[in-house]
Amino acid sequence: MKVPKNSSIFNQQGGSNNFAKRIILITLILIGGYIGLNSEFFFEEEGYIEPFFKPTPESTRTSDSFILESQAHLASGDLDKSIEALENALEKDPNNVLMLTELARIQTYYSAILTNLESTEILQKALGNIDLAVSLDDTNSDAFAVHAFVNDWNASYAETNDEREAFLVQAEQSAQKALSLDVNNVLANVYRAEILGDQGRVTQAFQVIEEAVAANPNLMDAHRVYAFLYESTGSVNYRKAIEEYKLAAEIMPNFTYLYIKIGQNYRALPVPLYDLALEYFDRAATINEVLEIKDPLPYVAIAKTYSRQGEFFIAARNMQKALDFDPTNAQLYGELGIIYSQSRNFEGSIPIFRCAVEGCLAIENEEQEVAVIGLELQNSTVFFYSRYGSVLAALNECQKAEEILNQVGNAFSSDEIIMGIVEEGLFICR
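With our numbering as the guide, the letters of the sequence shown map in order to residues 1 to 430.
I should point out that these hints are in silico values taken from the structure, not numbers from a laboratory.
Wrong hints could be hidden among the right ones.
To be verified - Derived DSS-like pairs (lysine-lysine); straight-line CA-CA distance at most 30 Å: (1) Lys125 / Lys321; (2) Lys125 / Lys92; (3) Lys294 / Lys125; (4) Lys177 / Lys125; (5) Lys81 / Lys92; (6) Lys294 / Lys321; (7) Lys81 / Lys321; (8) Lys81 / Lys125; (9) Lys81 / Lys294; (10) Lys246 / Lys294; (11) Lys321 / Lys246.
Just so you know, these numbers come straight off a predicted model, no measurement behind them.
Construct all of the structure, not just a fragment, from the sequences and the given hints.
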């Protein structure tokens with residue numbers, strides 16, 4: 001068929017009918033464009049094709065949203081997730097002094113519910129963050145207050161007296177700097193009181209903390225430090241410490257460290273209240289269970305409480321529960337070894353102590369079947385070493401006993417109590 005020049009099949013004569021066709025055509029084009037922009041077409045096996053002109057994916061979260069998330073996790077008691085949220089925020093704004101300061105503060109709190117080695121590691125991270133904060137803004141009173149706090153807590157894990165003294169001197173200087181920048185900074189005074197307590201200046205510390213509590217009775221740290229100072233004066237004030245820790249827990253009700261401290265004080269009373277101690281340790285464990293936090297420390301506290309009562313079987317069960325949560329933690333093996341040896345299960349304690357002190361391969365680890373790196377000999381671990389050596393000596397495994405005990409004796413020759421344990425074990429083997 002021959003089509004005339006001006007009569008193609010897309011150019012038919014026809015008035016209103018032609019207009020209608022154009023409307024339909026335009027509509028189809030628009031529909032097609034919409035489909036092209038928004039539809040997802042599926043292959044039979046490969047999934048789907050991205051929509052046309054789809055924007056490149058990128059994060060839309062702001063640092064403020066991470067800060068809010070961190071605060072929510074902190075309120076719930078999940079310090080690990082609170083820290084993670086702040087670290088995510090700092091990826092977007094790495095020089096934010098406020099966030100660095102808050103991160104260091106929470107990391108320091110978190111160290112309180114970790115075992116010794118983990119505590120040391122996270123306190124070093126906190127120190128790095130707060131050092132950066134004060135270097136970025138040397139006029140920020142809150143940053144210097146937290147700088148004092150972090151240095152003070154690092155002093156507790158110092159390996160030498162000189163190192164401890166250096167941390168405390170820096171802590172005191174930072175607290176004074178914070179107060180010189182803002183004389184009304186109550187938190188700086190709270191941390192100053194804690195530092196004074198650690199320096200043994202208890203009378204002055206009480207004066208400072210009493211002023212701080214009067215200025216702001218709604219600060220958790222104010223009541224926590226008040227409690228700490230009561231603890232430092234001996235068992236006569238343990239009940240007052242308990243009351244202050246309870247006030248702190250009312251302000252921060254999901255901070256499990258506070259319940260652990262309450263329980264420890266009930267356990268340390270001249271007439272121990274073990275049932276109340278266990279109640280507060282269990283409260284800490286319950287909070288963690290709700291949050292699905294695998295924190296071994298409440299179970300360690302429960303185990304030690306039963307051990308003091310001579311209930312070694314229940315004590316061991318709870319320490320094993322702690323190990324289930326943290327199966328490569330050598331310190332927990334040391335604690336379990338202590339319980340076994342207290343129950344006179346000397347043979348059973350040896351492989352446990354070996355994992356704690358020397359480390360063990362997975363095939364050697366009868367308790368958890370994982371490899372464990374042994375603890376270094378230091379102030380916080382010497383008791384595991386000396387008890388391990390004593391048990392070996394008692395079972396006449398003298399070659400290994402002498403090796404371990406001599407190692408302890410060489411490192412702690414000036415400590416009369418430890419040397420007494422060493423000499424007794426070596427005497428058995430002579």
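These are the hints, each one checked on the structure:
1. Lys125 / Lys321: holds (28 Å)
2. Lys125 / Lys92: Answer holds: Lys125 to Lys92 is near 19 Å, not above 30 Å.
3. Lys294 / Lys125: holds (21 Å)
4. Lys177 / Lys125: holds (22 Å)
5. Lys81 / Lys92: holds (17 Å)
6. Lys294 / Lys321: Holds: Lys294 and Lys321 sit about 10 Å apart, inside 30 Å.
7. Lys81 / Lys321: It holds: about 23 Å lies between the C-alpha atoms, which stays within 30 Å.
8. Lys81 / Lys125: holds (16 Å)
9. Lys81 / Lys294: Judged against 30 Å, a Cα distance of about 13 Å means the pair holds.
10. Lys246 / Lys294: holds (24 Å)
11. Lys321 / Lys246: holds (27 Å)
Consistency note: the structure conflicts with none of the earlier hints.
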